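Visitor: So the protein lines, in turn, are chains A and B. FYI, the numbering for the first sequence is 1 to 181, going by the working numbering. FYI, the numbering for the second sequence is 182 to 579, going by the working numbering.
The hints are simulated quantities; they were obtained by calculation from the structure and are not laboratory data. Computed from a predicted structure; not experimentally measured. Beta carbons are placed, not taken as given, at the ideal position from N, Cα and C, and that holds for glycine. Possibly wrong hints are sitting among the right ones.
[What the hints assert, rightly or not] So, partial list: chain B residues that the calculated Cβ filter (under 10 Å) puts toward chain A:
no.	residue
1	Y243
2	L339
3	N415
4	G510
[Stated by the list, open to error] Straight line, CA to CA, 30 Å or less: simulated DSSO-like cross-link-like pairs of lysine-lysine:
no.	chain 1	residue 1	chain 2	residue 2
5	B	K250	A	K100
6	B	K506	A	K66
7	A	K100	A	K134
8	A	K134	A	K25
[As the list claims (entries may be wrong)] What the simulated footprint calls covered on chain A by chain B, stretch by stretch (three residues with Cβ under 8 Å from a Cβ of chain B suffice, anywhere in the stretch; the number is not a length):
no.	region
9	14-28
10	136-146
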Amino acid sequence: MEEFFNKIKESFTDATLEFETITIKVDSTEWIETHQNLRDQFNLKFFSWLSAIDWDNEVSVGEAPKESVSPSFEIITCLSDLANTNLIIVSTSIVKSDPKIKSLVEIYAGANWHEREAFEMFGINFENHPNLEKLYLPDGYEGNPMLKSFELISREVKPWPGEVDVEGMPEESESDKSEDG
Amino acid sequence: MVNALDPQNINSFSEASVSVEIETEDMTLNIGPQHPSTHGVLRLVAKVDGEKVHDVKPVLGYMHRGYEKLAEVRTYPQITTLVNRIDWVAGFSNEIPFITGAERLMEIEVPERAKHIRLILTEMARISSHFVFNGAYALEVGALTPIFYAMEDRERVLDLIESVTGGRFHPNFNRIGGVKPAAGAGPTTKKDIQDLPAGFYRDTKVAMQKVIEAADQFQNLIGGNEVFKKRTKNVGVLTAETAEAFGVSGPILRASGVKSDLRTQTDYLPYDQFEYDIPVGENGDCYDRWDVRVKEMVESAKIVLQAIDSMPSGPLQAKVPKVIKVPKGRTYVRAENPKGEMGYYIVSDGGLGPYRLKVRTASFSNISILPNMLEGALLPDLIAIMGSLDFVLGDVDR
């Protein structure tokens with residue numbers, strides 16, 4: 001992994017290796033070129049997945065980010081080289097007001113369904129996608145469920161007793177006792 | 182109106198040459214979502230031109246439960262309950278990459294004994310998943326008998342999983358830092374509770390021997406069947422290049438000749454301590470995909486036998502804080518599940534639950550190749566090709 005990381009670092013100077021995961025950040029305008037380059041020059045031919053993260057300070061469910069973030073969509077792909085076990089996470093950021101990015105279907109055929117999923121779940125438009133329509137959600141469904149602003153209706157109706165569960169786990173209290181003495 | 186039976190007319194009729202071009206319209210064929218061979222609720226909309234299939238459109242979402250959204254409102258220990266249900270045929274193996282990811286971010290060193298128990302149960306889940314495939318696939322191509330053998334043999338393995346975890350399909354057995362104290366052990370002291378049930382090693386040895394025998398039996402019963410060979414050989418050929426571009430992984434990829442197995446290539450569990458082969462196919466057809474899985478069952482049984490012989494002693498749990506908070510960071514952990522690469526991309530912001538959890542499942546990418554593979558295939562081959570991909574809809578829709 002170190003060897004591959006050093007090789008990546010020659011081309012992508014801001015590459016990071018944290019928790020055994022190599023991540024590179026690229027500009028959204030270089031999205032296509034980067035993937036072309038990674039596939040052809042670094043032999044990362046296996047398309048693992050594509051997804052997105054909604055960064056927002058105001059959330060309707062879950063926990064808000066602890067430090068303030070600038071609202072944006074982060075788009076992430078994961079590519080790997082099966083013969084040498086190399087794996088890389090490619091990340092880019094796009095603005096929320098006009099969420100669009102070029103489709104990777106031309107380079108990796110497998111990106112097709114992943115982009116459709118990101119389209120319906122986050123509302124991101126993938127330009128030049130051959131068939132950008134809903135994948136899971138029924139026709140006529142409104143909204144993008146994976147947005148942090150999207151309300152989880154069941155949670156609105158009945159709050160989840162999450163805190164109670166956290167306190168009451170039996171094996172946790174056991175390990176706690178052993179720590180005390 | 183000319184009377185054809187009139188002998189005067191017969192001459193002229195026989196001299197007339199008949200050349201009629203039959204114009205056939207494309208027929209739209211809907212398969213599923215409640216078709217028994219769709220392993221859940223997959224729906225395919227195919228255009229059929231005579232016997233040839235083209236423009237196949239899989240329609241997903243009948244099993245979509247929104248786990249990625251639900252994970253955002255749950256704490257880390259609660260998420261293991263959810264991920265069990267992604268690929269329900271091999272529930273145990275779904276937990277491993279998630280738990281490993283959380284442990285990696287928390288920088289917890291898991292005790293060796295817990296790792297071995299995880300490894301044994303993961304391999305048992307793989308065996309039980311492949312048993313289901315063997316029975317179901319033979320059924321799909323027209324052989325009724327194998328599923329009865331497969332289900333009976335699988336039950337032996339599920340009994341073992343149940344004796345340790347308390348659950349047949351959804352063990353929910355992994356905890357951050359180790360495994361749950363096993364069910365079914367002696368109730369007397371705390372030490373006894375925290376171990377495998379009595380007689381587990383003995384029963385496992387018997388069951389694994391049976392698995393090896395069963396795989397041999399399948400080679401004769403299914404693989405030796407002329408009809409099965411004719412239905413599967415050179416049907417649905419998948420090249421390695423196409424498979425990689427679509428992210429197809431696991432036994433399907435290995436059947437296409439790529440020797441890639443994350444068990445040896447990554448270190449999520451101590452597979453490097455054991456000796457086993459990675460079965461690889463040659464042609465990438467349906468027969469190879471079946472063959473690779475049967476051989477994998479034998480290898481998994483060998484791994485389990487070696488693992489129980491070299492089981493280290495020690496605790497089952499590392500010391501973890503009472504309330505689990507995962508420090509800020511990101512990691513991607515992937516594992517070789519029965520159906521292929523399964524991975525979790527955990528984005529933690531230092532809270533009780535992940536800020537974002539991306540679940541990469543094997544079946545999703547594996548069946549995204551269906552339109553490509555079924556283009557121009559014969560209608561009777563459709564089920565044979567679909568079945569050979571061995572998907573589960575919970576693993577597709579999440």
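Visitor: Hints first: check each against the structure and report whether it holds.
Guide: Quick rundown of the hints versus the structure:
1. Y243: holds (9 Å)
2. L339: Violated, about 24 Å.
3. N415: Result: violated, 23 Å to nearest chain A Cβ.
4. G510: Since the shortest Cβ distance to chain A is 6 Å, the answer is holds.
5. K250/B x K100/A: Cα-Cα ~22 Å, so holds.
6. K506/B x K66/A: holds (13 Å)
7. K100/A x K134/A: OK: K100/A and K134/A at ~16 Å, within 30 Å.
8. K134/A x K25/A: holds (28 Å)
9. 14-28: holds (count 5)
10. 136-146: holds (count 5)
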